[in-house]
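Heads up: the protein sequence lines correspond to chains A and B, in order. Using this note's numbering, the letters of the first sequence correspond one by one to residues 1 to 468. Using this note's numbering, the letters of the second sequence correspond one by one to residues 1001 to 1049.
None of the hints are false.
Now the stretches of chain A that chain B is said to cover, found in silico as 3 or more residues with beta-carbon under 8 Å:
no., stretch
1, 26 to 38
2, 96 to 106
3, 153 to 164
4, 348 to 355
5, 359 to 369
6, 416 to 424
In case anyone wonders, no lab produced these hints; they're calculated from the structure. Glycine included, each C-beta is placed from N, C-alpha and C at the ideal position.
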Amino acid sequence: MQVHQYSSNGYHIILDVPSGSVHVADPLVCDAVAAFLAYLPENVPVTEESFRAASEKVKESLSARYPASEIEEAAEEIGELWRNGTLFAEEAALPRLPVIENRPTVVKALCLHVAHDCNLRCAYCFADEGEYHGRRALMDFETGKKALDFLIANSGNRRNLEVDFFGGEPLMNFGVVKQLVAYGRQREKETGKRFRFTLTTNGVLLNDEFAEFANAELSNVVLSIDGRKEVHDRMRPFPGGKGSFDVILPKMKAFVEKRGTKQYYLRGTYTRYNKDFAADVLGLADLGFDQLSVEPVVADPAEPYALREEDIPELLAQYDILAEEMLRRKKEGRGFTFFHFMIDLSGGPCVYKRLSGCGSGTEYLAVTPWGDLYPCHQFVGQEEFCLGNVDTGVVRKDLVEEFRKVNVLSKEECRTCFARYYCSGGCAANAQHFTGKLNGVYPIGCELERKRVECAIMLKAAEADAAR
Amino acid sequence: MKHIETLTTKSLCETAKKGGCGECQTSCQSACKTSCTVGNQSCENKNNK
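Okay, chain B solo, but in the shape it has when bound (with noise of 0.2 Å):
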């Protein structure tokens, strides 16, 4: 594309159809224990990649 670059590689939706093993991180414990962030943690999901 000339005018748009797109930076994801999947859709949320995409997601909906596969995920929900909950194998991720608890959040909290990463590294701030104070406020939640999720945006930023890595799917442990083999199926959902």
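One chain only, chain A, in its complex shape (with noise of 0.2 Å):
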């Protein structure tokens, strides 16, 4: 049994963790929860009889500051989640850590990392600017062939198959990009298998070309940019050091305008330079974009943009910042969506994805220029972590299963974290980063995420209510 109560916005918000329930409640139900948690027996299923027990005790604990008729309408509400099973739930009920790591697994995702090079020099680029600590290289058709076809080889019965283009940057060898999207549709022809083709692009060669075949083939563009032009110059210049703001935005701005209703994300990272991130996720909306996604830089704790355990209030309060303010301008019809702060509560993810994460090493791997295959794109260029190539396939069963033990069962800190099964975990490179281990956590994210889960839910409990 796992309760999160919290208020945010003025709304009071029950989450009960392992039914995944939420409620949003009076003052009063959320006393009489919390007394109810006091009251009914630890480690223990809640029976009829501990219930009624515990109910007691509670209305006499709240006498004092309820009118009793309340406090038993309210007793009577909880005894009912409790009896359809979402409040006081138990976690004997979801599946346990023996299950999640013997499920077999197929490979259904690629990030092709189709360039190595890159035409800016990102200060906070985990790929070492596009090279991933190797030599600057483009993937051809021939391996990237190779690719799908492992892909295909390796999928099982799985009929969704995803595919990043990335980098470096990937439009610097979009001819190849064009040619991997037909072989993978003619592929899709021959195996009944169907291709999401997705890019993450700096923008700088952004052009109608690329705007129409985008609308054609590809599922999801992510055009990356940080903010406001002083926070995105700092850390996004060309390689003699201008800033590439002024160039990226009208042709971000002409793409979105050509993209229509089709899915794109402007994603910024935001670093101790922007600790006011607020302020760029609103500035890109000002700027007329409406799917959102600002980040917190992946960086060593050594560099000077990299975020500190002291910034995280200042950083916990951007996020109210940001969903109050989202509120209000969904309220004057110039909403927009924040990656992060979406939440799906009623079509959302079964519990075994939710246990097992973002598959990285498992399901999803990366593949460098020259075919190589990486547990993730942020492990490419650690060679350690090599796990094969295209040609031979994995051949690091050992490392395989390693990843596949990573997940929030077997991470001693998810355990008791309320925000376990909207995370999953986190990431196993961030782990991998600042712990040293693949099953370690990062505080700072564990942090930062837990606010998100918490503004997202607000805002569900706030559109729940606009529409009363």
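Put the two chains together into one complex, using the hints given.
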């Protein structure tokens, strides 16, 4: 049994962690639930008898603060939730560790590094300014074809396959991207598989030809921009040091206009240099963009722009500012989506997905320009993580097994975290970078994730409120 | 209910019965590329709705 209660923007929210149920309640119910948690027996399933006994104690403990009839009603409603499995639910109803770790997996997504080269020199680039601690290189069509064939051959019965064109800057190798998409479409017909192609670009080479191609073939395009001009230019300059904002902004505007209703994201990174990042998100929204994602930097703690523990209160406050402003703008008819505040409370992923995480190293692999396989894009260039290549397939089965064991249930720190079924244990690469262990956790990332989950749920509560 | 409004329509425990088909999107592919978030994804298993 685990219940997380919090108040945000005037809403009192009760999250029943094992069932994933979300309730919005009045202060009386919040107090009553807290009292139930104190009086229900620990570590054993709740029974009618123990519920009744706790209920009596709850009523007594609240009698000085609320009218008896109101307390009675609240206790009855709480009882109804318990009986329908949406409050004080038992974790025992969910799959356990062996079930998750022994589930057969297939490869269902590839990150194709079609260019280990870049036309920008972003200061925080985990890809070592596109080179991934190796040499500059472009993927050729033959290697890409082998990668797609590898994906098909290793995808079992799974129909939907995902391929992200990544870099460096993938549009420096647009010709091969087009060839690979055409090849993928041909293979779809032969195999019954369905490719979802996506591409992540810094925007420098965006043009009409790419926009037309993207609208016909790409299910999502991620455009990298950090927000305000001065923030963006500080971290994302050209090789000569000149900022890239003024070059990419008009191109991104034109691209998004042509994109129509199809999916895109403007994706930014915030660092210690722009802890007031809500202004960057809102700045992008002011420019007319409406699908936004701005995320904390992943960096060596020694870097001056790396986020520090002492920054956390300020960063958390920024998420509140952002959420409240999003509500205001929505009411005014100029709403936008923010990736980390999106949450699906009705048709969200099943518990298996929530427990097993991003799939890096098992379901999701990255491919270098010369065809080497890595557990994900963040590990590329760290040779000790090379899993094999597109000719040999995965040869480091030992590493795959290690990645299979990276999940929420295997992480000590996640076991009591209320957000564990939303973040699914976080990023293995972050964990490796910060703790030296795949199964570690990155505490700053955890704090930020918990806050984002709280804000996301609050926004749903406000949405329900507005619909009444 | 007078005091409580429930926003969710499906409990995680129910998804344990029919879930696990694996047809859903890989979380990192969707937009983030640096942080794992699955709560915002949609289930693609028609039998699990």
